[in-house]
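All chains, please: the whole structure from these sequences, using the hints.
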Amino acid sequence: MRLIQNPFPSKTGYHGAAIVLSRFSRLLLPHEVMTFQTTDAAVIDVLHGAEANAGMLLIPVSAVMAKAAFEKHAALGCLARATSLRTNRSGELQCVLKGLERAAYTLIATANSTQRFAEVTSISDEDDIDCSTAACELKSQLQTAFVARDPLMAGCHGGIVIEADLPLGQLCDVIAAVLPLTTAQRLQVLKEYRIGARAALLLELLGEAESAFNATVAEFN
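Taking the UniProt record's numbering, I'd label the letters of the sequence shown as residues 1 to 221.
Careful: at least some of the hints might be erroneous.
[Said to hold, decoys possible] Simulated pairs of lysine to any residue, SDA-like, Cα-Cα distance not exceeding 20 Å: (1) K191 <-> S62; (2) K191 <-> Y14; (3) K191 <-> S22; (4) K191 <-> E119; (5) K139 <-> L201; (6) K191 <-> S25; (7) K191 <-> A104.
No lab work stands behind these hints: they were computed from the structure.
Structural data, given as structure tokens:
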């Protein structure tokens, strides 16, 4: 099988300032790529500010979680980059958001009524797997479970999940990004910086998703 080159950049190892995107309805994950549209003037101001700051954004857990749910993770977020900004005739701004890394942050300044800056330090993955053979086995299990979960989805995303030669940690994030996970489940994935533990979590979530998929199919048969 021909492997597709890893489409994701290497870790940034970022430490510095990022503009906080606090009005956002989705908990973005590292290595997730999504299109985003908005007419919210405050959000547009933040995105243009990020563009002037090399596109660096911080999407904090607090942006999408109720206070009681994020208190223990209030300094956790996803470092992201906004690219391909353009505004259409109706005034709607469209862009591409790319999740980069898990990040810890401290709010440090307010530029104006809509722009807040945070000091951000990216959180590196921790390799808690004993050997490369075990990592390869976990990758194979994840890919098999992903296909079993929903063959149609696997057909849409198989190029990245199955054929791209992604490191295990990135593979977990990519799979989590395309699964219909709840915000709480996304938070579980985001806060797990240990690669082996993240893989185990994704196998568990894929198992639950496959059961739900099979139950839905059975209803229509």
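Here is what the structure says about each hint:
1. K191 <-> S62: holds, 13 Å
2. K191 <-> Y14: holds, 17 Å
3. K191 <-> S22: holds, 18 Å
4. K191 <-> E119: At roughly 18 Å apart (the allowed maximum being 20 Å), E119 and K191 satisfy the hint.
5. K139 <-> L201: Holds: K139 and L201 sit about 13 Å apart, inside 20 Å.
6. K191 <-> S25: holds, 18 Å
7. K191 <-> A104: holds, 10 Å
Hint compliance for this structure: every hint is met.
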